[in-house]
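Q: Now for the letters of each chain:
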Amino acid sequence: MNIRIIKENLVRRTMFGLCLFVLSLTFLMAFGLYQRSKPILAIKSLKDLLFSSIWHPTQGHFGLSSFIAGTFWVTAIAVIIAVPLSILTAIYVSEYAPKRIRNLAKPIIDLLAGISPIIFGVWGIIAIVPLVRDYLMPFFSERFPFFPFVSDNYTGFSALTGGIVLAVMTFPIIISVVEEVLRTVPFEIREASLALGATKWQTIKYTVLKKAKPGIIAAIILGLSRAFGETMAVLMVAGCALHTFTKSIFDTAYPLPALIANTYGEMMSIPLYDAAVLLAAFILLIVTSLFNMLGWGILLRIERKQTSG
Amino acid sequence: MDKRKIEENIFKGLMIFSTSIVVGSLVLILVTIFLKGFPALNLDMLIKTPKGGYYLGKEGGILNAILGSLVLGIGATFLALLVSLPIVFYLNLYLKKNSRFALLVRFFLDVLWGIPSIVYGAFGFILMVFFGLRASLLAGTITVALLIIPIMARSMDEVLKMIPFELKEASYALGATKLETAIKVIFRQALPGILTAILIAFGRGIGDAAAVLFTASFTDSLPYSLFKPVATLPLAIFFQLGTPFPEVQQRGYASALVLTALVLFISILSRILSKRFTKHTIK
Numbered sequence: 001m002n003i004r005i006i007k008e009n010l011v012r013r014t015m016f017g018l019c020l021f022v023l024s025l026t027f028l029m030a031f032g033l034y035q036r037s038k039p040i041l042a043i044k045s046l047k048d049l050l051f052s053s054i055w056h057p058t059q060g061h062f063g064l065s066s067f068i069a070g071t072f073w074v075t076a077i078a079v080i081i082a083v084p085l086s087i088l089t090a091i092y093v094s095e096y097a098p099k100r101i102r103n104l105a106k107p108i109i110d111l112l113a114g115i116s117p118i119i120f121g122v123w124g125i126i127a128i129v130p131l132v133r134d135y136l137m138p139f140f141s142e143r144f145p146f147f148p149f150v151s152d153n154y155t156g157f158s159a160l161t162g163g164i165v166l167a168v169m170t171f172p173i174i175i176s177v178v179e180e181v182l183r184t185v186p187f188e189i190r191e192a193s194l195a196l197g198a199t200k201w202q203t204i205k206y207t208v209l210k211k212a213k214p215g216i217i218a219a220i221i222l223g224l225s226r227a228f229g230e231t232m233a234v235l236m237v238a239g240c241a242l243h244t245f246t247k248s249i250f251d252t253a254y255p256l257p258a259l260i261a262n263t264y265g266e267m268m269s270i271p272l273y274d275a276a277v278l279l280a281a282f283i284l285l286i287v288t289s290l291f292n293m294l295g296w297g298i299l300l301r302i303e304r305k306q307t308s309g
Numbered sequence: 310m311d312k313r314k315i316e317e318n319i320f321k322g323l324m325i326f327s328t329s330i331v332v333g334s335l336v337l338i339l340v341t342i343f344l345k346g347f348p349a350l351n352l353d354m355l356i357k358t359p360k361g362g363y364y365l366g367k368e369g370g371i372l373n374a375i376l377g378s379l380v381l382g383i384g385a386t387f388l389a390l391l392v393s394l395p396i397v398f399y400l401n402l403y404l405k406k407n408s409r410f411a412l413l414v415r416f417f418l419d420v421l422w423g424i425p426s427i428v429y430g431a432f433g434f435i436l437m438v439f440f441g442l443r444a445s446l447l448a449g450t451i452t453v454a455l456l457i458i459p460i461m462a463r464s465m466d467e468v469l470k471m472i473p474f475e476l477k478e479a480s481y482a483l484g485a486t487k488l489e490t491a492i493k494v495i496f497r498q499a500l501p502g503i504l505t506a507i508l509i510a511f512g513r514g515i516g517d518a519a520a521v522l523f524t525a526s527f528t529d530s531l532p533y534s535l536f537k538p539v540a541t542l543p544l545a546i547f548f549q550l551g552t553p554f555p556e557v558q559q560r561g562y563a564s565a566l567v568l569t570a571l572v573l574f575i576s577i578l579s580r581i582l583s584k585r586f587t588k589h590t591i592k
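Protein chains in written order, with our numbering: chain F, 1 to 309; chain G, 310 to 592.
It is worth saying that the hints were derived from the structure and are not from the lab.
Hints are supplied without guarantee of correctness; some may be wrong.
The calculated DSS-like cross-link candidates involving lysine-lysine, where the alpha carbons are at most 30 Å apart (straight line), are [claimed, not checked]:
{"id": "1", "chain 1": "F", "residue 1": "7", "chain 2": "F", "residue 2": "99"}
{"id": "2", "chain 1": "G", "residue 1": "470", "chain 2": "F", "residue 2": "7"}
{"id": "3", "chain 1": "G", "residue 1": "314", "chain 2": "F", "residue 2": "205"}
{"id": "4", "chain 1": "G", "residue 1": "487", "chain 2": "G", "residue 2": "584"}
{"id": "5", "chain 1": "F", "residue 1": "305", "chain 2": "G", "residue 2": "405"}
Start from the sequences, fold in the hints, and give me the full structure.
A: Structure follows, in structure tokens:
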């Protein structure tokens, strides 16, 4: 046989193999993490692990609920801040902004996506911690002395600080997906609406956003999942104190990813500790991959509708 | 004034406000890091390794971490390239345009892209234990490579999708195999985009801390063996800020400036390169 054809076939098989590798990687990771967290699942019920808040690795207590609560607080704050700002920015950049501003804003948003999580953490310590400690916390605890603003943590390292830093980190993903979605809305729809005498904002509100709704939901899901799994920046600014159950935005929060990162040194020295931590990683993997499948699945459907119709 | 006009203006104002916050936050990050880091930066930091008691405020520098990050980042980028490039060529050249398999691979690349780096770190740790490795440059490199494969493959895929169909047809018509077409025609045409994708992945690779925490560990010596721990810049920043000593924290800020400058440099370089190499492509 011709040597060129042999080469061709060999390469084709290798390429196919590599594709299979990528396809299986998610499952491989899930399988590996599950295998390693089995020892603890064999002893304790999942209900115990997820809903107990007692975390004493040395005494064999591995309740994850305070970490799960921490994750929810931080993620919720981040999403509440990031979603409106990102969507409005995306609409401005793709619908309103003059070309010059658009060409300026795009690389800046790309750059924001490329900055290391650690740098966000450093910025959080320098800028956001004092902001929360000296301004936001005194202001809110004086004017609104009720849930969720009451706290006895005056350090500035809090769920709110983590949420603000996370919000900035999720801007790029939400903005870029929403922008992409807005671009798929056919131009004719806008023209039709404008021709009927609607203002630009009315056009966006009643036609463009309506059409883009599923895509915007996908963008929110992807942003949420990004905030859910972010580790180092949150570890640096959210306080991460053990044995506190976050009840206020000014309390410290100790989210799951931070727990995993913080135990790298001691994990192997206490029995079952590594299984508990890898179970946390397993939960993180399952939740983020489901969110991502949902988000990208929605976007895929939009794209297919586009090409078929 | 007309009610519709008022609504229009309110929302336009809100949009401009949001955009300024988003853009402003990046500017604020860069300015704070620069203002805090620059006064603490000195040449010693860049050319010395930590001496005894560095984390207590004694002399030394972070050369170990700078070199460690570069070596690990380059190694991981190279490994990721070995996987990503064949995959994107397969997706774009070997498979039909609306192939189900290609759809599936792209979908899973997207999903992998969204999995947090700490999970890659934990998985790398499991692999390491499974193969009997210790925390080392090798383990860190493999973990970071896994982390950046989806980033690299997705951006390369975007580039290859843009290649005009006629170019492939012309090459096939001359009797070239798909492989020859890929290497001699498509690769050249896509080179600027491929370089950009490589640099984006490299930047992400050197910036990540969560994935190397378990797998590469940390050390005060320069990287010298694949099987020994290696220091990385993000972790150096993390540890320096974690100490209670103001002098050491100052150095942490300076290290943060070094990392930010490195990432900015890579990002700007990728823009310049992608412009320069477009000279050789057919439009």
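Q: Look at each hint and say if it fits the structure.
A: So, going through the hints one by one against the coordinates:
1. 7(F) / 99(F): Since the Cα atoms of residue 7(F) and residue 99(F) sit roughly 48 Å apart, the hinted pair is violated (cutoff 30 Å).
2. 470(G) / 7(F): 24 Å, holds
3. 314(G) / 205(F): The hint holds at about 14 Å.
4. 487(G) / 584(G): 28 Å, holds
5. 305(F) / 405(G): Within the cut-off at roughly 19 Å; holds.
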